[in-house]
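Put together the whole structure using the sequences plus the hints.
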Amino acid sequence: MTSTRLTGREALNRVLASELAVNRRAVVMGETVRLAGSSGVLHGLYDRFGPSQVIETPVSENGIFGAALGLALAGFRPIVEIYSADFLLVVANEIIGDMCKWRQQQARPGPMPIVIRGCMGPNAKGGLGPEHSQSMEPYFHHAPGLVIVTPGTPRDMAGLLRASLRSPDPVLFFEHRRVYDLADEIPDDESFIIELGRAEVVREGKDVTLVAWGWMRSEAEIASSVLDAEGISVELIDPRTIAPMDHEAIRRSVARTAQLVVAEEAPRTGGVGAEVLARAVESAARPIRVARVSMPDAIHPYSASMERLFIPNANTIADAVRRLVSSARSAPPVLAR
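Heads up: the sequence shown begins at 1 in the working numbering, then just goes up one per residue.
Check before you lean on any hint, since a few could be wrong.
What the hints assert, rightly or not - Here are the simulated distance ranges between beta carbons:
# : residue 1 : residue 2 : range
1 : GLN105    : ILE299    : 33 to 39 Å
2 : LEU89     : ARG256    : 36 to 42 Å
3 : GLY231    : GLY50     : 54 to 60 Å
4 : VAL59     : GLN105    : 26 to 32 Å
5 : SER305    : SER233    : 43 to 49 Å
6 : SER327    : GLY70     : 52 to 58 Å
7 : PRO130    : ASP181    : 21 to 27 Å
8 : GLU185    : ARG256    : 27 to 33 Å
To be verified - EDC-like cross-link-like pairs, simulated, lysine to aspartate or glutamate; straight-line CA separation at most 20 Å:
#  : residue 1 : residue 2
9  : LYS206    : ASP319
10 : LYS206    : GLU248
11 : LYS125    : GLU307
12 : LYS125    : ASP181
13 : LYS101    : ASP169
14 : LYS206    : GLU230
15 : LYS206    : ASP228
Don't read these hints as lab results, they were simulated from the structure.
Cβ atoms here follow ideal geometry from the backbone N, Cα and C, with glycine treated the same way.
Structure below.
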């Protein structure tokens, strides 16, 4: 299979262009989509496909999502770009109360084929502040019927977006700003798809299981390499999708290592990491040790220098793994009763 080296932006653009070309009922909609969208992903799509498939909208999230809901019910495939994923809170009712529930309330449930794309997280320079840097997956993780995708590489962006465009369920597709700038070999085959709900074992190991997604995958890869040089063998798992989460892949790994660390770029309380640890403890057949790495329960800072101290990185992840491994002989393990 041939491949092309593309950035995250380019990989997403290529998948969207392919979908618009073969599916005339697929429509991209959102603010500034005529001008490539908020992060440059949509470059050239308006000129190629025109206003019937690339729809410029007013600055009204409620209006955009209401229109997308109607289009989906009418048999279209709306692909909504929200300017920043933080603004999804404005339309939480449309997503959770309508998109996730309406079709389940009908005598004959049907599809709700909406894909919502949103950039999130800080960029490499920092300074975006508390209203444009949040990780939004914990807010929506509690909603039944919603698929939540968190790709950590350009290759995963391409394969998971194409899978999302085949899903009958509403999908939140979160694009981390720093993953946009990574580059990867992307298969040229337009049938290339990565299955939703299937984790990737990024590297195999025997001492400790490390789970990370989105940008944290990159930081976890660095941490794993450092720890390997120190004699700590890390098995790194990227779940790729938060909902559905491949808990079985994590369970199998923890059954071998008996130690689990979760790294997430979100506040500690109520995070997805807590759910990963809880499921692992509940399903463990023997005592396991667990730890998590997260942001503090505080508002995201504006200052780039403060932000570097605020967000987990390879060093903080490696330190958490070291502490867990070193305490293995002195601390009692955790086991659900």
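Which numbered hints does this structure break? 5
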